[in-house]
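Trainee: What follows is the residue order along each chain.
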Amino acid sequence: MLRLPRFRVLSPRTYGEAAKLLDEHGAAELDRSRGTPTLRVMLVAGGTDLFPNMKRRQFAPEILVSLTHVRNAAGVQENGELVISAGTTLTALAQDPRVRERYTALAEAAEVVSTPQLRNMGTVGGNICLDTRCNWYDQSLFWRTAEGYCMKTNPEVVCRVATSSPRCLAVASADTVPALMVLGATVHFEDARGARDVRLAEFYREDGMSPSTLRSDEVLTDVTIPREDGWRSTYVKLRDRGSFDFPIAAVAAAVRWDGRAVADARVAITALASRPILIDAARAALIGTRLEDEAIAAAAEAVHKTARPMDNTSGTISQRKRASRVLTERALRSLRPA
Amino acid sequence: MSEFSVIGRRLPKVNSWAHLTGQARYADDLFLPRMLYGRLLRATRPHARIRRIDVSRAAAHPGVVAIVTGADMPAKMGIMPSTQDETALAVDKVRYVGEPVAGVAAVDEDTAFDALSLIEVDYEDLDPIFTIEEALEREDVKIHDESKRANVFKEVHLSFGDLDGGFASADHVRDDWFFFEGNTHAPIESHSAVASYGADDKLTLWTATQVPHYLHRELEKVLGLPRSRIRVIATPNGGAFGGKSDPFGHEFAAALLSMRTHRPVKITLDREEVFYAHRGRHPVKMRIRTGVKKDGEITAVHYQSWLDGGAYASYGIATTYYTGALLTVTYRIPAYKFDGVRVYTNKPPCGPKRGHGTTQPRYGFECQLDKIAQDLGLDALEYRKRILQPPHSRTVNDLRITSMGLGECLDALQRATRYSERHGELGRGKGIGLAGSAYISGAGLPIYWNEMPHSGAEIRIDRGGGVTVMCGTSEIGQGSDNMLASVAAEALGILPSDVHVVSGDTSLAPVDLGSYSSRVTFMAGNAVKDAAMKLRSLLFAAASEKLGVAEDRLIAAYHRIYDQNDPEKFISFVDAAVLAESKHGTLVAAGSYKPPKGIGGSFKGAGVGPTPAYSYQAAVAEVSVDLETGTLTVDKVTTAHDCGRALNPANVEGQIEGSAYMGYGEIIAEEQIFRGGLHKKPSLLDYKLPTSLDTPALEAIVVESVDAEGPFGAKEAGEGPLNPVIPAIANAVYDAIGVRFDETPITPEKILEALGKRDNRGVPKSRIGPDGLAERNGDPKRAQRRLDASTEGRERKRTPPLGSR
Chain P
0 MLRLPRFRVL SPRTYGEAAK LLDEHGAAEL DRSRGTPTLR VMLVAGGTDL
50 FPNMKRRQFA PEILVSLTHV RNAAGVQENG ELVISAGTTL TALAQDPRVR
100 ERYTALAEAA EVVSTPQLRN MGTVGGNICL DTRCNWYDQS LFWRTAEGYC
150 MKTNPEVVCR VATSSPRCLA VASADTVPAL MVLGATVHFE DARGARDVRL
200 AEFYREDGMS PSTLRSDEVL TDVTIPREDG WRSTYVKLRD RGSFDFPIAA
250 VAAAVRWDGR AVADARVAIT ALASRPILID AARAALIGTR LEDEAIAAAA
300 EAVHKTARPM DNTSGTISQR KRASRVLTER ALRSLRPA
Chain E
0 MSEFSVIGRR LPKVNSWAHL TGQARYADDL FLPRMLYGRL LRATRPHARI
50 RRIDVSRAAA HPGVVAIVTG ADMPAKMGIM PSTQDETALA VDKVRYVGEP
100 VAGVAAVDED TAFDALSLIE VDYEDLDPIF TIEEALERED VKIHDESKRA
150 NVFKEVHLSF GDLDGGFASA DHVRDDWFFF EGNTHAPIES HSAVASYGAD
200 DKLTLWTATQ VPHYLHRELE KVLGLPRSRI RVIATPNGGA FGGKSDPFGH
250 EFAAALLSMR THRPVKITLD REEVFYAHRG RHPVKMRIRT GVKKDGEITA
300 VHYQSWLDGG AYASYGIATT YYTGALLTVT YRIPAYKFDG VRVYTNKPPC
350 GPKRGHGTTQ PRYGFECQLD KIAQDLGLDA LEYRKRILQP PHSRTVNDLR
400 ITSMGLGECL DALQRATRYS ERHGELGRGK GIGLAGSAYI SGAGLPIYWN
450 EMPHSGAEIR IDRGGGVTVM CGTSEIGQGS DNMLASVAAE ALGILPSDVH
500 VVSGDTSLAP VDLGSYSSRV TFMAGNAVKD AAMKLRSLLF AAASEKLGVA
550 EDRLIAAYHR IYDQNDPEKF ISFVDAAVLA ESKHGTLVAA GSYKPPKGIG
600 GSFKGAGVGP TPAYSYQAAV AEVSVDLETG TLTVDKVTTA HDCGRALNPA
650 NVEGQIEGSA YMGYGEIIAE EQIFRGGLHK KPSLLDYKLP TSLDTPALEA
700 IVVESVDAEG PFGAKEAGEG PLNPVIPAIA NAVYDAIGVR FDETPITPEK
750 ILEALGKRDN RGVPKSRIGP DGLAERNGDP KRAQRRLDAS TEGRERKRTP
800 PLGSR
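These protein sequence lines are chains P and E, in that order. Heads up: the first sequence is residues 0 to 337, going by numbering that gives the first Met the number 0. Heads up: the second sequence is residues 0 to 804, going by numbering that gives the first Met the number 0.
Think of the hints as simulated: they come from the structure by calculation, not from any bench. Fair warning: there could be bad hints in the mix.
To be verified - Here are the simulated EDC-like pairs of lysine to aspartate or glutamate, each with C-alpha atoms no more than 16 Å apart in a straight line:
id	chain 1	residue 1	chain 2	residue 2
1	E	Lys201	E	Asp504
2	E	Lys780	P	Glu146
3	E	Lys679	P	Asp310
4	P	Lys320	E	Asp758
5	P	Lys54	E	Glu108
As the list claims (entries may be wrong) - Simulated coverage check for chain E against chain P, where a stretch passes if three residues somewhere in it have a Cβ under 8 Å from a Cβ of chain P:
id	stretch
6	108-122
7	683-692
8	751-758
9	788-796
We put the beta carbon where it would ideally sit given N, CA and C, even for glycine.
Kindly generate the complete structure, drawing on both the sequences and the hints.
Mentor: Written as structure tokens, this is what we have:
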């Protein structure tokens, strides 16, 4: 089997200690735009994404700061808002009755990430920080040597997806993220100097090499979702196999009903660009409507316009582009009152 | 009551507990004292001359003990003696990305892995060839210098009966092109071998192989070590499906590294390497022309195939013939012509995968029959029943048919699925489809010419009544150990669980040619039965004397030998064994089996196709198509299979279901495809093997035609049931959406294309498939350009040229 590279593990007991360790090992100077093999220190939670990547030598950090032993790193609390600790496993999230009841899209999304075994290990924090994916990149060191590498690990090389692209086109692939976006989630970080909050919808950027504003020296500690009445939400995913697979197109939708009219709505997509996208035009098309077919079609059109699948996952560009519309329609129809 | 005490009972497989509890010792489970770990360096170029290999830095790396390269083992080898074009490790030239080039043995795996990157190989690139069309045309590039015409590996032409007359008398002729995409076996156990060369100058190789005997011969040739000093032990295979039936580079490398170091050496392939070792399903382009009368009676068939063989021969000569040989055994065909061409390309070699060479033409032919039935307004099931090749007949290409249960299979399917009533009636998006098929119960000839038995077995009964069966078969999960135990137990009147089986060991067991071509139940079963019946007559002679009952009135069952007229007159099996040993001496018997003469023709090429008995099978598939996303869901597959007699019905049903599952994967998703010579999806995440959760409901119906020559009437069950599933699903999709899929796999993209729902491009089509040899879609050189691209284009984009503002 593929072997892991040699590395050292540090096990802090608090997020503060974790941030301090990142700082001590020079994480602040690490720059993903110089290619991922240069990352010398990295965080690991469930390891379900990181370890396969390390086996393929996409990352070869000398030090891993493990979050496994951080106290109170897992759990879901309700105090005015829903507070999900970053170390909460996807299984726990999918099974939490409060999440299933009020934040349905999130439970549905968590439930369709990979396999039961990986959901038992994988965390919501890890899913939010999931590396972008590409079938010219998610390959072994041997394969990439034969390929001549690509921009994501070796910035001096072209992007194989579109060889004249000035940026890496790897695709956002985290299931829980669009669900969290339509639920209005905010993410919280700590570094050695302090803490910051970011609305999840503003956390990502259209760059496969550096797909979020996450800095190498900060730790994601928890995610909060505001409690607002009247929302219904869902997550619809297209993948090759019903058993397990990354999304090749996915839509999360949430609608807030005020009587028989839509008071507010949010639609977000993933696996259709380098970042997950909350689509404002879809919201505009839905507010004030009763989710009539025409309103849904207008929202789906807005999603379709935004979707920019590239030839770097399973499935095809045309299939996935079309699916962005179909999935949106299906998601929104399912949110109509029973 | 059954005439048998073991045969036909749903007894647990003798080795299931070991497999289920993790006690089975696969090759990678073996750890020997002082063992070294080996890894192979693989080619990073699809087609290149090796100018120089420098191993000095790797050899100096701490922990590295030995390194071998192709120059150390230059002898040509390969599974088919007539087409040996491979070497254990590449010599002078590499022909596909992933071809083994060098082997390193080190104190641990990490060290071996690190050392690989210290080996320097200087390649001189040659033009690569990736498509059938290119391979046929490019005279200027030779993947193998031996090819006379362009990159053709083998070309065959056979003609039987009056073809022109047949087509002239036809009322209707169909002429269709098909393409079957390549796919791979994906056994869950990756290949693994442990070699140990000892102080006695003898080599033992434990390896996950389907063909210990053929490997034994190749080891002798390549290592220059007499076969008498080599022992091959086939470990239990964690799935094989044809993918472990060639001699492989890692087996020779482990052996030579062990000979060099006098320490055991283990090489276990990682998952990606298994995709490079391959020998899986050939991509095949096909053209089938069939003439029929108004009532559907076939008047002539002209079948042509073009096989993309990858970089080496493997079983390719047999595969080529198999694409044409077995089309004639299911339905009456009075005139038949077959043209086949297999070409070399710069991709991992293709070879035998479950259904070897017959799966692709069967898919094309059964899809075409569905079209013919539709053209003529016939019920596809009734139609097939009307044109069946009769039992105990000879086909136009001189194949002997004996037992033939395809009609019963079709009847059983109609009862189980009500196909005829439901076909065409399920509404848009839902469909039901049907196909029939046949397969061999073992190839009629061995791969190297000889007059010896195809299978030998030895049985020993010890003084405590213990029974040991020794046979060279390889247990690949198909249940061959259980079959050996069951046949011996039935003959001797004991239970399979009483029997010790020693299989796959070239030193301890007589030769069996191997677990390929579905030959083991028929051939090894007959060999074991032969040996067991010899021992039984010794037991009966002793028992007859003791009981005073004539031998022909004795029955052996349930650990007793008794008088069939008075079962209370008996002696126990153990007592009978003691009496027999006292009377006859040590109780050992050998048995063997060789197929009868005259089961095939005598023309050149007649060696591929004959078998002592054909299995027959048919399948009905029920599908749903999501018209908006193009997603195809197979709801149910029902397969009826004529296995002659089910020695163990549970195991036969397992084989039928496993075959249906594998066929399902091949038509809905699996593809062994490449971009510029790089495998597109060499992992179990990306190669879309269905999981148990993705698998449709499967129903297996066992049909028993009781073959006169099979052991207790048995024929094969391990491969044939795969074949009809693929065209049945394609025909069901037609029933659902009115589109013919003359190309595999049936992906959502292709369904959307046919429905006119590809994003922004909407022209509905009634058919998806090739119209000739050319690639149907896209530009085969596109990926190569991506791989060759420099950053110039990107830099131009980043810095607008002077004067542009």
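Trainee: Compare the structure with each hint and give your call.
Mentor: Now for the hints, and whether the structure bears them out:
1. E:Lys201 - E:Asp504: holds, 15 Å
2. E:Lys780 - P:Glu146: Within the cut-off at roughly 15 Å; holds.
3. E:Lys679 - P:Asp310: Given pair E:Lys679, P:Asp310 holds - Cα atoms ~12 Å apart, limit 16 Å.
4. P:Lys320 - E:Asp758: holds, 7 Å
5. P:Lys54 - E:Glu108: This hinted pair holds, its Cα atoms lying about 13 Å apart.
6. 108-122: holds (count 3)
7. 683-692: holds (count 7)
8. 751-758: holds (count 4)
9. 788-796: Check passed, 7 qualifying residues.
Checked against the numbered hints above, the structure violates none of them.
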